[in-house]
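Taken in order, these protein sequences are the chains called A and B. Going by numbering that gives the first Met the number 0, the letters in the first sequence line up with residues 0 to 272, in that order. Going by numbering that gives the first Met the number 0, the letters in the second sequence line up with residues 0 to 195, in that order.
Estimated spans, in silico, between C-beta atoms of each pair:
| id | chain 1 | residue 1 | chain 2 | residue 2 | range |
| --- | --- | --- | --- | --- | --- |
| 1 | B | S44 | A | W264 | 26 to 36 Å |
| 2 | B | T78 | A | K28 | 46 to 56 Å |
| 3 | A | V9 | B | D80 | 23 to 33 Å |
Cross-link-like lysine to any residue pairs, in silico, SDA-like; alpha carbons within 25 Å at most:
| id | chain 1 | residue 1 | chain 2 | residue 2 |
| --- | --- | --- | --- | --- |
| 4 | B | K154 | B | T23 |
| 5 | A | K60 | B | K174 |
| 6 | A | K60 | B | V177 |
Honestly, the hints are just simulated from the structure, not real lab data. Cβ atoms here follow ideal geometry from the backbone N, Cα and C, with glycine treated the same way.
Chain by chain, the residues run as shown.
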Amino acid sequence: MGDLLLNPAVQAGVLPFVAALIVAVPMRKTRHLGLAVAAAFLCAVYLTMGFDFESLTSLKKLVLAGVAFAAAGVLLEYTAQPQSLMHRVLLAAATCAAALWALQRIFTHLDMPVLVVAGTGAVAYCLALLAGGERVAQDPVCAAATALVLGLVWGTVALLGASAQLAQLGIALAAGAGAVLLVQVCGAAAPRGWTLGLSAQVVAALVGLLAVATGSLPWFCLLPIPLVAWAARLPAASSKPPWYRAALSVSCAIVPAALAVALAWFTAGDRAA
Amino acid sequence: MSICRSIATLACLAPLSVFAAPQTYVIDPIHSFPNFRINHLGMASIMGRFEKMTGKIVLDTGARTGTLDVKIPTATVSTGDGKRADGVRSRDDHLRAADFFNSAEFPEMTYKSTKFNFNGDVLESIEGNLTLLGVTRPVKLSLSSFKCGQHPFSKKTMCGADAEGTIKRTDFGMKFGVPAIADEVKLMIGVEAYPE
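Work the whole structure out from these sequences, hints included.
And the structure:
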């Protein structure tokens, strides 16, 4: 049993998927279904890194930001009009602030011109991901499909060029989104809500930025990632059953994801020190 | 006459004060390397080292005290797998990434001594604090050899030592791969230093 718990596939995939299912089944008809993704993420964190925050590394900050945005999603369900411009602006600002906070210690070692470019790039990347997330937020099946593909692509790309721990967190995100997609495909689509897309988008943004900042992943591997959400929303199939919409969304979202993986496959080692 | 006696006494004591004065030594980065050994998969040990180490040692053999202040750039880690021909990420790249030394975020690890332990005139061990990945823990280094003398060619005064120690990397938050990649890491450090 101990050996099984040490298996990376179990830590990042199997157990987070089970944890997500345990949360998703009772929540399947509520707007808090996205908490299943948070459950998968936290399960993977517990098994791989633990919750020791003595030294607040960028990875630990990513965990804290993921938890904070999952909690924010729950609060927003009770307080916010989904389309309020003010809330969208505040969320964008909070996401960019979380990214800069996670990268802060890395930025202190950069020269000013590089720091400005890196900071601007990080903010632009976060905003691009959030814009895509907004596009899919109105369709929970599409949102779950987007989170699934984002998790898979970051699991693969981080493994190729950066960090196995980041890869495990990405795979856990995919496992959680997969559980959410499964309950919707087997039943009915969940009501729209903040929880499904928000924390997944933020965690995906931070995983990508950390993979570039702390690993040997070139920055241009990030470029296709914001297109995942746009591609997932391409098929106009709102009247079709959830399983059909899920399959279509995943199939379309895989295209930019595959491009990002291809870029990482052919270039990741070249950035070595 | 009493003044002359005082002056004579002071003149006799002067050489002893020279031996009692603390001497600062600068670590020679070309001949000083921190090496490490770690068990891999329970099968064999992987050896590695950091290619650069800088710092200063202050030694007062008269008072039997001293200080050691060392900086090691974590990006200089080397285990013999620096770049692979097929472009796949190498082990050294992985060690520099967030799973291990996280060099982008923590470019240096430092060791600052808190106590020098002498056995008679021989420096036996050094106690101090290692700061790695933003976490500081006490680490004791045992000296298997310590010698000061003249460089055989340049005739410059120099000191050299071999030190050993053991740490648990999880104490510093480096948890990836445990227990397949062992928690315990053996340190083997060779130092040569010249007076400042």
